[in-house]
Every structure is written in structure tokens, then in C-alpha cells.
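These are the residues of each chain, in order.
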Amino acid sequence: MKSPEQVVEQVHRAEWGRLLSLLLARTRRIDLAEDALGEAFARAAERWPQSGVPDSPSGWLYTTAYRQIVGRLRAEAVAGRKAALLAVKPDWVPPEDPDVELADDRLHLILLCCHPALPRESRSALALRLVMGTPTDQIARLFLVSTPTMAARLTRAKKKIVQAGIPLGAPMEEELRSRLDEVCRTIYLAFTAGYTPGPGPDLFRADAAGEAVRLAVVLRDLLPEAPQVRAMLALLQLQHSRRDARQLEGRLVPLADQDRSMWHADEKEAGLGLLAGLEPGTGYAEELRLQALIAAEHARAATAARTGWATIARHYEALESLTGSAIVRLNRAVAVAEAEGPQAGLDLLTGLEDLLPEDHRVAATRAKLFRQLGHIELANASYRTALDLCSNEVERAHLREQLEELRALDR
Amino acid sequence: MKHFVLLAGYGETTPWDEMTADEQEAEMAKHVAFSEACESRSGVEMLGGEALGDGSMATTLRTRGGEMTITDGPFAEVAEHIGGYYLLEAPDLDTVIDLCRLLPALDIEIIPVLEVP
Numbered sequence: 001m002k003s004p005e006q007v008v009e010q011v012h013r014a015e016w017g018r019l020l021s022l023l024l025a026r027t028r029r030i031d032l033a034e035d036a037l038g039e040a041f042a043r044a045a046e047r048w049p050q051s052g053v054p055d056s057p058s059g060w061l062y063t064t065a066y067r068q069i070v071g072r073l074r075a076e077a078v079a080g081r082k083a084a085l086l087a088v089k090p091d092w093v094p095p096e097d098p099d100v101e102l103a104d105d106r107l108h109l110i111l112l113c114c115h116p117a118l119p120r121e122s123r124s125a126l127a128l129r130l131v132m133g134t135p136t137d138q139i140a141r142l143f144l145v146s147t148p149t150m151a152a153r154l155t156r157a158k159k160k161i162v163q164a165g166i167p168l169g170a171p172m173e174e175e176l177r178s179r180l181d182e183v184c185r186t187i188y189l190a191f192t193a194g195y196t197p198g199p200g201p202d203l204f205r206a207d208a209a210g211e212a213v214r215l216a217v218v219l220r221d222l223l224p225e226a227p228q229v230r231a232m233l234a235l236l237q238l239q240h241s242r243r244d245a246r247q248l249e250g251r252l253v254p255l256a257d258q259d260r261s262m263w264h265a266d267e268k269e270a271g272l273g274l275l276a277g278l279e280p281g282t283g284y285a286e287e288l289r290l291q292a293l294i295a296a297e298h299a300r301a302a303t304a305a306r307t308g309w310a311t312i313a314r315h316y317e318a319l320e321s322l323t324g325s326a327i328v329r330l331n332r333a334v335a336v337a338e339a340e341g342p343q344a345g346l347d348l349l350t351g352l353e354d355l356l357p358e359d360h361r362v363a364a365t366r367a368k369l370f371r372q373l374g375h376i377e378l379a380n381a382s383y384r385t386a387l388d389l390c391s392n393e394v395e396r397a398h399l400r401e402q403l404e405e406l407r408a409l410d411r
Numbered sequence: 001m002k003h004f005v006l007l008a009g010y011g012e013t014t015p016w017d018e019m020t021a022d023e024q025e026a027e028m029a030k031h032v033a034f035s036e037a038c039e040s041r042s043g044v045e046m047l048g049g050e051a052l053g054d055g056s057m058a059t060t061l062r063t064r065g066g067e068m069t070i071t072d073g074p075f076a077e078v079a080e081h082i083g084g085y086y087l088l089e090a091p092d093l094d095t096v097i098d099l100c101r102l103l104p105a106l107d108i109e110i111i112p113v114l115e116v117p
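So the sequence lines, in the order shown, correspond to chains A and B. Note that the working numbering has the first sequence beginning at 1, numbered continuously upward. Note that the working numbering has the second sequence beginning at 1, numbered continuously upward.
The set of hints was computed from the structure by calculation and includes no laboratory data. There could be a bad hint or two in this list.
Claimed, not checked - With a Cα cut of at most 20 Å, we get these calculated DMTMM-like pairs of lysine to aspartate or glutamate:
(1) A/Lys-159 - B/Glu-109
(2) A/Lys-159 - B/Glu-115
(3) A/Lys-89 - A/Glu-101
(4) A/Lys-160 - B/Asp-98
Same shape as in the complex, but just chain B (with noise of 0.2 Å):
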């Protein structure tokens, strides 16, 4: 089954941008640890994933009454960063968890991909 990880929020982490470039290096290390835990793990495949821009870089868009309004920034509601995402192919929910505690300890959202039939 597909499950997208949600890369939510910072968590404890610092954000990439305040981070020295060695901090950076190892953040990226753990990054790649995970994609090579989850390539060698059987049953897991990696199907997608992408680090993601800024909140202040979104654009936003809404439907009221038939009509789209375009505004800057992220939705109010997501109070968080949300920093990028993976998409897994995985046999269940405990080997997703397993596999992220590879990633640095930022705040995660599994959720699971509906099977379109």
C-alpha cells in the first residue's frame, strides 16, 4: 500500500535557512539514509519526493461561491512549514514508522493513499 509522508513542520529541528552548512550536510545525510534504508528494505519502494519552498513562496487559491480568489502566502490554518514529502510504496504502517526515524526529527504526518479501484 502507498502511504505519503507529510514532512509537517520543524519540530525540534532548526529551520534549513538558520542551519551552519554543516548542519545542512547532516540534515541532508539523514535524508539520504532514509531513501537508502527504504531501497534496500524489502517491500518498501520509494516512490516519490520532494523538499519544498517556503511557505512565503506559496500561492493560494480558493473557491467561495464559484469564484477563485488568489492570494499570497500559505493557508492561514497550516500554522506549520511544510518542508517536502515522500511517497512510499510500503507493507504496512510500522515499517513507514520504522524507516522514518531515519529521517531528522521534524514533525511527520503519515497518511495513507486511498486504492482507487
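Next up, chain A with everything else stripped away, as it sits in the complex (with noise of 0.2 Å):
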């Protein structure tokens, strides 16, 4: 038996962007639909400890959260004040409604977040907002910015919405796609998000990211044939998987030194069996698939020792030419190294630092292979260079080590 705690965060976390969507689609205000929800919730984790938890207890907050938006509604109405509703497209259908145990407009309401209009950097953290729940500063964590400066970001997010008519409803058909390749672009953005050294102690913050990977599930779920949104949660779950390994005692641990059992094998199963059968595509779509097609080696090499280099270097090939990255460059030039030799590795990078010039990884990679053909003092050089471009405490720890043992080399 679950405790009535476990119910309400189960079923925060199952439903809450479900009924939302419901909630929005009934009433088409964003301020009102959101606060409503939030308090028929924290009345939940009041009242079912002592009363027990309802039959239905998606239809117990999705009629408390109505009934609250009804009564603000009449206040409003008494008070002479109209506030501006939500646009819907003319040919949009409200969700079957009482059905809340059915009814689902989530997808319009990712989109709705997700709408190119809005500024690129409120489009994920209002859709972990509106369609997961995610507290606020948590999602403000994510993108390391303060709790305030978040919660200011999705309430300018709102406004606009409404304000500048961004309707509810599915996109003409030839937008769809370019429309979702926004969508996952947006939440692939999130969950790098979570993985991106920030200053301070803290690496990375996995929980956070894994948000993200949970949106990407609800968007497969919604849309299972798109091919964009499947190679994305594959290589949302390939990544996502070596979390647990990525980080000892607060220190930085490389891929070819992680403990691979750490790995969660089921969601790197599910990730590997997303990606097969996927055919090559075009566009984003074949970005997101060839980026999760290396992730994927990198998951099945049982040992660092035997993971397929050679295949993820042309991968990576096929990926700097579609996409021109220098980010790409960079990786593939430790692909090549790995699978050719240093020196093919370093001729990859000529140049990079002029495109990359505050990318301490540059320099990091250069002195790695510098000190394997046994260059030392021009990898020392480089690990300096690096030190100097690198903010984050644990990586520069990391890079410390390499100038130590450099050193002990020398002697």
C-alpha cells in the first residue's frame, strides 16, 4: 500500500501536465489554471492523510482546481475586470471534456511552450513548468540562474503567450515539422542544461536533466512516429544512463574510467531499442540520430578498451558535414585520435581554438594528445592554457591532476 505522501507525488508527477492541459483547454487562462493546480495539490497532501486518498484522484484535483479557477472567475466578473483569454486556433477542439480520466492535450500545450515566438531561453524551462511541473527553482538550478530570475522569465513567457495571440492548437501541416524539431531542439537544450558545468562545487545536476529526458518520454508517447522525437529520447536515455558513473567523490570521472555496471542497463536498453530500426532521415532529425547512433557505441562496448572507434569517428564525419559545428569537430577529432593515432587527432583540431576561443576543451584535448606522442612541455603549455579558459572547480581539479603528473613524468 502506497502512503496517501506517496499518492500525491505519484500522481503530481504522472498527471500534472495532463490536467493542466484539461484545465487550460476548459478555462484558456495560464495564470489562473497553473495557480489552481498548485493549490488543489497542496490541499491533496493536506486532506487525503486524514480523509484517505479518492477513487479517482485525478478527477479530485482536476474538480478542485476547477472549481477554485470558477470561483477567481466570478471574483474577477464582480470586480469589473476581463482579463484576456488564451487564443485557439478556429478549427481547435477542447480535449472530450468531463472525460478527465482519458482526455489528454498535452502535445498542444508542448507546443504552446515550445512556440518559436518565445524567446529561446524561457521554451524549455516553461515547458518543464506547464507540461512536468518542475518546481521553479529547480528548473532555475537547471539553467543556473536565481530562483527569481527564473520565475521572472516564465511570467514574461505568460504574457506573451497571451498577449501577442499564441493560440492553442495544432500547427498547419507543413509546420509541424519544423515546429518539432523546435520542440526537441528545446528539450535536448534542457537536458545539456543539466549537464553543463557551472561554477562551484556543483559538476553537474543529473535530477534535473533527468526532467527533460522525463518530457521527452511524454512527447514519444504522444508522437511515437516521429523520428526527430525518437532519436532524441534515445540519445536523452543513452546519456542519461551513465549519470551515476560520471561523478566519484565530487570529482569528475572521463567515459573510459567510468565504472560501466553503474550504468542503468534497462535505460540503456530502452535507449538502444529506440534507435533500431530508426532509418537515416534529413535535417535535425538525422542530427539527433547520428549523435544517438555514437552514443550507442559508447553504451555497447562492454570495456573502454573495446568500444568501436573507428565507427564513431565516421559518424562524427557524417555529422560535422551536416551540421559544421566546431563542437563536432572537436569530438571527432578524439574519435580519430582513438581509432588513428594522436597525431591524426591533432591535425583535426588545427585551427579550433579561433572557433572555440573559450573552450577550455580545445587545449585540454590538444595536451592529452600531446602527452601521448610525448610532447611534455608542449602539453604542459596547453594544460595551462586550459586551466586558465576552465571556471569550473571540479574540471579544473581534473586538469591540476594532469599538470601533477606531467611534472612527475618530467623529473
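Hey, can you piece these two chains together into the complex? The hints should help.
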């Protein structure tokens, strides 16, 4: 038996987005719907331990929230105030009401949050808040901003949705693909934010990145056939499955040194399963597919030494010609160095610091390859350059360690 | 809701004066197609729209410290030529964006009109 507290938490995780999308569809008031649903959950947490869990927890939450919105609307009417409603498309049909158990409008809610008319840095934050119910302070931590900054960003985005007339409803047929690409980009951005080292001792924030994975799962459930969605989820699951092995006693553990038994096997298998049978595509879907194939190659290797570097290098080459990205070039250089030797990797790094002047990884990678070739002095200088550019404490510690090792070699 | 559609810059199109007669005709046909699409789309109504004269014909008024100065030309801040505008009643932003695809490839800014209660 689950305790009432556990039920509240479980329903919050599973049902927040669906309930909010229904409340929004029915009332077309973002502000009131979000507040009222939050309050309904708070009330459930307070009451269910005493009164017991109702037969239909989500029905109870929906009704409680809806009643509160109606009360607020009445108060507004009495005060003679009339707030703007969320726009809806002319052909939009609200989800079946009152079948709260089955109706779902989350896809429209996700498309609304990720609309290209919203600032990019607000989109994923808004999707996490409205679709997943992720608390604002956790979203703030994910994107390395303060909670008040994030709260203001979310408020502005919601205001713009209403004022600019960004509508609830499916995009026109020919636009859906580009809009879905943007949704995937948005979710991937949120995920990588969780693994981006910030200043200070926090190496990464895997729990917050996990919220983005959950959002990707929701999207896949809603659109199981969309290739970009499938490739994105595969990529996220494969990368996220390594989270527990990436850090040891507050220190970064490189992929090669990770204890592979700590990788989450179920997530890894799920990612590989999604990727199997996914045909080559075009555009962003193909970008995601290639990245997922690279992650899959790492996931399949029983030991670091058995990694299929030649295959990975080939995928990176395809990815580089598709994107022209300097970061991809950097990663390709690492793969090529593993497959063909350090000098081949160094050749690919040529000129890259001009394209990525603030990225310490160019210098760090070069240092490592110089060291493998026995150019200790060049390695030393490159590690120092990397240290100058790196601001994350944990990564800096790792770089200093490398310098120490070099010194020991030199003696 | 009302949307102000500002034709804010030439984008990749040729300035009107530099177009051949045929090009001008093709350009006009796009505006006509846009207007017709607005009329036939449900929930959309064209409330107004005009083409504007060249920026060099503009007069700028500024009031600073209570004193109005009158100068020649457009605001220096407006780098691009504002070619005209439309005022549309439309149910939502996506409908407006979709209709704007029919217009020439100008740089366009869609601004919501505030509803004064």
C-alpha cells in the first residue's frame, strides 16, 4: 500500500501536465490554471492523509482546481475586470470533457510552450514548468540562474503567450515538422543544461536533467512515430544512463574510466531499442540520430578498450558535414585520435581555438594528445591554457592533476 | 484580437523603385493574394493597411525637456525602410504568420494591439 503522501507525489509526477492542459483547454487562463492546480495538489497533500485517497485522485484534483478557477473568475466579474484569454486556433477542438480520466491535450501544451515566437531561453523552462510541473527553483538550478530570475522569465513568457495571441492548437500541416524540430531542440537544450558544469562545486545536475528526459518520454508517448522525437529520446536515455558513473567523490570521471556496471542497464536498453530500425533521415532528425548512434556505440562497449572508435569517428564525420559545427569537429578529433592515433587527432584540431576561443576543451584535448606523443612541454603549455579558460572547480581540479602527472613524468 | 503587421524592411526583396514594371506587378499580386486570403479565412478581417512613402519624405518630431523639435527624415534608429502596414483582426498569431507567407519576402514584425478595456 502506498501512503497518501506517496500517492500525491506519484500523481503529481504522472498527471500534472495532463490536468493542466485540460484546465487550460477549458478555461483558457494560464495564470489561474497553474495556480489553481498547484493549490489543489497542496490541498491533497494536506487532506488525503486524514480523509484517505479518493477513488479518482486525478478527478478530485481536476474538480478542486476547476472550482477554484470558477471562483476566481466570478470574483473578477464582480470586480468588473476582464483578463485576456489564451488564443485558440479556429479549428481547435477542446479535449473530451468531462472525461478527466482519459482526455489529454499535452501535445498542444508542449507546442504552445515551445512556440518560436517565445525567447529560446524561456521555452524549455516553460515546458518543464507547465508540462512536467517542475518547481521553479529546480528549473532555475538547471539553467544556473537565480530562482527570482527564472520566475520572472516564466512570467514574461506566459504574458507574451496571451498578449501576442500564441494559440492552443496544432500547427498547420507543413509547419508541424519544423515546430517539432524546435520542440526537440528545446528539450535537448534543457537536458544538456543539466550536464553543463556551472561555477562552484556542483559538477552537474543530473536530477534536473532527468526532468527533460521525462518530458521527452511524454512527447514520444504522444507522437511515437516522429523520427526526431524517437532519436532525441534514444540519445537522452543513452547519455542519462551514465549519470551515476560520471562523478566519484565530487570528481569528474572520464568516460574511459567509468565503472560501466553503474550505467543504468534498463535505460541503456530502452535507448538502443528506440534506435534500432530508425531509418536515416534528414535535417535535425538526422543530427539527433547520428548523435544517438555515437552514444549507442559507447553504451555497447563492454570495456572502454573495446569501444568502436572507427564507427564513432565515421558518425562524427557525417555529423560535421551536416552541421559544420566546431564542437562536433572537436569531438571528431578525439574519436579519430582513438581510432587512428594522436597525430591524426591533432591534425583535426588545427585552427579550432579560433572557432572556440573560450572553450577549454580544445586546449585540454590537445594537451592530452601531445602527452601521448611524448611532447611533454607542449602538453604542459596546453594544459595551462586550458586551466586559464576553465571556470568549473571540479574540471579545474582534474586539469591540475594532469599537470602534476606531467611534472612527475618530467623528473 | 487585433494584430499590427509592420512591413519593416526590404529583407531579400528589391526596393520598389529599383524594380522593373514586371517585378512591381508581381509584388503587387502578392499583396492582392494576401488581402484575398485574409477576406476568405474564417475569423480574419482586414481592418486597414497602407503602403508608405519613402523614408526621406518623413518628418520626425521629438519633444525633449518640453520642447518640440522638427527634423527631416526618419528616426535614425530605424535602419530599415518601413514600407507599409496592415491591421488585421485574426483569432491568433499562427493564423497571421500563415497569411504573411503570401506576402513578398519582406522583413515583417507582428505586434499585438492592446485591447483597452
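Quick rundown of the hints versus the structure:
{"no.": "1", "hint": "A/Lys-159 - B/Glu-109", "result": "holds, 18 Å"}
{"no.": "2", "hint": "A/Lys-159 - B/Glu-115", "result": "holds, 14 Å"}
{"no.": "3", "hint": "A/Lys-89 - A/Glu-101", "result": "violated, 25 Å"}
{"no.": "4", "hint": "A/Lys-160 - B/Asp-98", "result": "holds, 19 Å"}
The earlier numbered hint that this structure contradicts is number 3, and it is the only one.
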